[in-house]
Amino acid sequence: MTDFERFLDLVVRDDSLRDALLAESDVEAFFKLLIDLAAQRGLFVTDEQVRIAFQGAKRSWLERRAQ
Amino acid sequence: VINLDGWIPTGIEWAGSHPAAVEWCFLGGMQFTEPFFEATVQRAMENPFRMLFRPQLPVEVLEERAVTHPGIAPTGFIFHMSRCGSTLITQMLAASNENVVVSEGWPIESAIGYDLRRPEVSEEQRRRLLRGIIHALGQPRIGTERRYFVKFDAIHTIYLPLVRSAFPEVPWVFVYRDPLEVMVSQLMKAAAWSLPEMAHKISLPAASSASREEYLADLIVALCEAGLKSAQESRGMLINYTELPNTIYSDLAEHYHCTWSDEERGRMFRAATRDAKYPDRPFSADSETKRRQAEHRVRELCAGKLGDVYSRLEAARAAMRQI
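Sequences listed follow chains A and B, in order. In terms of our numbering, the first sequence has 8 at position 8, counting the first letter as 1, and numbering is strictly consecutive. In terms of our numbering, the second sequence has 64 at position 64, counting the first letter as 1, and numbering is strictly consecutive.
Calculated directly from the structure, the hints in this document are not laboratory data. Keep in mind it's a predicted model, so treat the numbers as computed, not measured. There could be a bad hint or two in this list.
Heads up, incomplete: computed chain B residues facing chain A, CB under 8 angstroms, no partners named [claimed, not checked]:
1) Gly11
2) Trp14
3) Leu27
4) Met45
5) Pro48
6) Phe53
7) Arg54
8) Pro55
Using C-beta positions, here's what the derived DEER-type ranges look like [said to hold, decoys possible]:
9) B/Met188 <-> A/Leu62: 24 to 32 angstroms
10) A/Ile52 <-> B/Pro161: 42 to 50 angstroms
11) A/Phe44 <-> B/Ala20: 29 to 37 angstroms
12) A/Ala23 <-> B/Gln31: 17 to 25 angstroms
In this text, a Cβ means the ideal position worked out from N, Cα and C, and glycines have one as well.
Looking at chain A on its own, in the form it has when it is part of the complex:
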């Protein structure tokens, strides 16, 4: 499991972490916040990892809608 995957797992188990991320509606600021919050927990997440994951999430969402 990568640090990014560990962080994703952490977020769905930690309501305060979830709420902090949810409050950021600007995509670029959200990426930065995510990386910072992960770093605060000793997890190393790169900007590229977040962007790739986000694009993948958008793609899978569009595919789901098209089904």
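With the hints as your guide, set chain B onto chain A.
Then chain B, alone, in the frame of chain A:
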């Protein structure tokens, strides 16, 4: 332990005939106020957290949660033939903060399906998934809700027996309209399920019909026959478009065992003055326009098989309601 309060299922991932995982999305306090579930979830997806964090959890989590967190027991279900006022009903119900209203939620589709791709999935499995999805969507969103209504997609009327068997205590209605007006509406702007190219997904015997009009007529007849048959077998209520919106304050409320407060009635009344699918526009009656637009072949179909099932729906409604 994952706290799924505020999360809703947005779909089931299938591995062949096996439901491998359920995707969840965090809605939090967002209410289902848009005319359709899809629009609410699309609004949610504008937030980057909600877009990125859509965990896929084992299907057992959904099924267990239906037992441990059943949410609000469903108050009533709505089935319909499409383009017949069913969205007006849901928009009026959704005007009250005491109601959770899910309108054509696609996770329901992913549970019961109208396709032929997974015929090997047993009825019991579909029932379990349906219960899981319905209960997961019926959670209070702002804390004031005590009733829960689900409007199914029109094509899901063919699965009325499955839904009834999963929720035998829940009163339901089938909404219908003069088929000429429905046909004109569908021919002007087709629902995805009504397109002939989607025929391979629909387990209805209509796919081989010759023309677009005949195919559509066969589909609508099948929906009406399914609604009529179930209404005669169980405690379904038949509602004609012409009864809307007044019946929502009277017969429908009684059928659902509901008493609306004066404030709720006021909110519903105001909702009824808007176009149900485009609430920023005022309502404008269009029956006469649709009837004028009907072409000869559509009129023929409506005088034939569509007219026949419509007459039987009207006769059954009159008998059941002593109209």
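Any hints from earlier that this structure breaks? Give me their numbers in increasing order, please. Structure breaks hints 2 and 3.
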